[in-house]
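Given next are the chains, with one letter for each unit.
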Amino acid sequence: MGLPPRDHDPGLRTLPDVTSLVAAAPAPEAFVHSTDHVTRLEAVFSENYALVWRLLRRFGVPAGEVDDAAQQVFMIFARKLDGVVSGKERAFLYGAALKTAANSRRSAKRRAKVLTHEAQEPASWPDELTEAARARELLDQVLAELPDPLRRVLVLVEVEQYRVDEVAVLERIPRGTAASRLRRAREEFRKVLATFAHRNPFEGGDR
Amino acid sequence: MSEPDSGDDLEQISRRLFEAARSDGPDLQARRRARQALGIGVASTAVLATTKAAGAASAEIGAAGSSAAGSVWSGTLGMFAKVAAVGVTGAAVWIAVDQARTPDEPISVTAEPARHETRARPPTPKVVTTVPVAPPASAHALPTASAPEHVRAPGPKRSEPKTPARRAQPAPSASEKTDTLSPEIAVLDEARKQLLNGDSAHALQQLETYRTRFATGRLTSEATVLRVEALARSGQRESAERLGRSFIAANPNDPLVDRVRAILKQHAPASESDGSRASE
Chain A
19 MGLPPRDHDP GLRTLPDVTS LVAAAPAPEA FVHSTDHVTR LEAVFSENYA
69 LVWRLLRRFG VPAGEVDDAA QQVFMIFARK LDGVVSGKER AFLYGAALKT
119 AANSRRSAKR RAKVLTHEAQ EPASWPDELT EAARARELLD QVLAELPDPL
169 RRVLVLVEVE QYRVDEVAVL ERIPRGTAAS RLRRAREEFR KVLATFAHRN
219 PFEGGDR
Chain B
270 MSEPDSGDDL EQISRRLFEA ARSDGPDLQA RRRARQALGI GVASTAVLAT
320 TKAAGAASAE IGAAGSSAAG SVWSGTLGMF AKVAAVGVTG AAVWIAVDQA
370 RTPDEPISVT AEPARHETRA RPPTPKVVTT VPVAPPASAH ALPTASAPEH
420 VRAPGPKRSE PKTPARRAQP APSASEKTDT LSPEIAVLDE ARKQLLNGDS
470 AHALQQLETY RTRFATGRLT SEATVLRVEA LARSGQRESA ERLGRSFIAA
520 NPNDPLVDRV RAILKQHAPA SESDGSRASE
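Those protein sequences? They're chains A and B, same order as listed. With positions in the first sequence counted from 1, the corresponding number in my numbering is that position plus 18. With positions in the second sequence counted from 1, the corresponding number in my numbering is that position plus 269.
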């Protein structure tokens, strides 16, 4: 098989498996769906689109691809919707987002691009937005240095503000493991950040 | 600028980096394109999340300045509040542009408010805000089982994301955008309704109307996919097959390709179904 062994990407080994969230094999997607289908899709999209978008971005999907990646996640969800257990929609989206992000990162590596480089930053942005963009760029670079399991836990807690027990559910790991990963993630994050600190994006305040 | 040399400094930076990430999110164009690709975009409503965002945003934006008090980079304390203000301006432009077409989304600049509302920890600044503009009354009804179906995919191709006409621009170009896109959506919406009602013939007529009126329209991909569906449902399987295959060949990376494949698979004769897809 042409793909590299899964073990080459430590993050892939621990991706939550979403197959159990699908109750049964859904019928082939039809272009015309029932009203219930559309209503459910609408509700799930409205509630989770921004979350999925941010997760993809923080999990390493390049800025220029994150819109498409987010759309792809929901396309997957739409196809599987009839089989996704009610109440497990977010967990399903999370799993799909992780896999989509992993695929995107692999593709980006193959293209030898710098994953977190923000190439499309409008020159006309106000300083405040530029500063925020710089902050996110630095964040992504630091996150990229963390092992994926730690990165995911850190993003869920620090960015999305999930509780540890909620993270444990999403990651399908014991709560203690989630807490341990969070502790290690914070430590690692600080260590890596210290090496990037010369690029402090908030230095504009001293200008 | 001095480099941070203490744990406290790193903590401050870390906190602000995460704050910046929380203010990140998709723009309205991306959200709209995704909605269109999913077929939930045109007239449906989903204001619940954005309504929740309103209260949280106003409080949290106000807290932005104080949360960073004492920072060694105090010169930028108001950054996030300012960002929010910029976001309001941008959203206002979009409301002016697209209110008539997608009244469900113009409010939230960066959504996912429900998640944050339940947090036990102190609120943090987010660029989530609302604009006090009243859309048409009908726009604020929550989706119901009796709500009409919508055009499945009346959106532009994903691959044409940032054309000037689709960017948030000053009022003149914005009104142009509304003027050109809304009629396209209306025609496709009608075709979609007829298709849902089982009236493939009239759906095809409607799609023919689209083709003649909007030969270079921005929703031609969506119209083509609807046509494939209508042809297949009207029994013109071979025509649907040809059109679908040509669409796939011409747009291999289009997100609608999966839909076309699903349509063709659904309507393919049992004897051909396996072999025909093997060549894709």
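Hint data in this document are derived by calculation from the structure and do not stem from the laboratory. Model, not experiment: these values are computed from the prediction. Idealized CB from N, CA, C, for every residue including glycine. A hint or two may mislead.
Heads up, simulated DSBU-like pairs for lysine-lysine below, C-alpha to C-alpha not over 30 Å straight-line [unchecked claim]:
| # | chain 1 | residue 1 | chain 2 | residue 2 |
| --- | --- | --- | --- | --- |
| 1 | A | K117 | A | K98 |
| 2 | B | K462 | B | K534 |
| 3 | A | K117 | A | K209 |
| 4 | B | K534 | A | K106 |
| 5 | B | K462 | A | K117 |
| 6 | A | K127 | A | K117 |
| 7 | B | K462 | A | K209 |
| 8 | A | K98 | A | K209 |
| 9 | A | K98 | A | K127 |
| 10 | A | K117 | A | K106 |
| 11 | A | K98 | B | K534 |
Label-pair ranges, simulated between beta-carbon atoms [unchecked claim]:
| # | chain 1 | residue 1 | chain 2 | residue 2 | range |
| --- | --- | --- | --- | --- | --- |
| 12 | B | T478 | A | F214 | 50 to 60 Å |
| 13 | B | D277 | A | R128 | 33 to 43 Å |
| 14 | B | P452 | A | S125 | 29 to 39 Å |
| 15 | B | K534 | A | V103 | 24 to 34 Å |
| 16 | A | R124 | B | A519 | 35 to 45 Å |
| 17 | B | A455 | A | V103 | 36 to 46 Å |
Going down the list of hints, with the structure as the test:
Note on K117(A) and K98(A): the hinted pairing holds, with a Cα-Cα distance of about 15 Å set against a maximum of 30 Å. This hinted pair checks out: K462(B) and K534(B) have alpha carbons roughly 22 Å apart, not beyond 30 Å. The suggested pairing of K117(A) with K209(A) holds, with an alpha-carbon distance near 27 Å, which does not exceed 30 Å. At roughly 28 Å between alpha-carbon atoms, K534(B) and K106(A) fall within 30 Å of each other, so this suggested pair holds.
Simply put, K462(B) and K117(A) have alpha-carbon atoms about 35 Å apart, too far for the 30 Å limit, and the pair is violated. For the hint pairing K127(A) with K117(A), the CA-to-CA distance comes to about 15 Å; that is within 30 Å, so the pair holds. A threshold of 30 Å between alpha carbons decides the hint, and for K462(B) with K209(A) the separation of about 57 Å lies outside it, so the pair is violated. Distance restraint check for K98(A) and K209(A): the Cα-Cα separation of roughly 41 Å exceeds the 30 Å cut-off, and the hinted pair is therefore not satisfied.
This hinted pair checks out: K98(A) and K127(A) have alpha carbons roughly 29 Å apart, not beyond 30 Å. Proximity of K117(A) to K106(A) is assessed by CA-CA distance (about 17 Å); at most 30 Å being required, the pair is judged to hold. Proposed proximity of K98(A) and K534(B) is supported: the alpha carbons are some 16 Å apart, at most 30 Å. At about 57 Å, the CB distance of T478(B) to F214(A) agrees with the hint of 50 to 60 Å.
For D277(B) paired with R128(A), a C-beta distance near 41 Å keeps the hint of 33 to 43 Å intact. Roughly 38 Å separates the CB atoms of P452(B) and S125(A), a value that falls within the hinted 29 to 39 Å. The given range of 24 to 34 Å is respected by K534(B) and V103(A), whose C-beta atoms sit roughly 25 Å from each other. The supplied range of 35 to 45 Å is broken by R124(A) and A519(B), whose beta-carbon atoms lie about 27 Å from each other.
At roughly 37 Å, the beta-carbon separation of A455(B) and V103(A) lies within the given 36 to 46 Å, and the hint holds.
Checked against the numbered hints above, the structure violates hints 5, 7, 8, 16; every other hint is satisfied.
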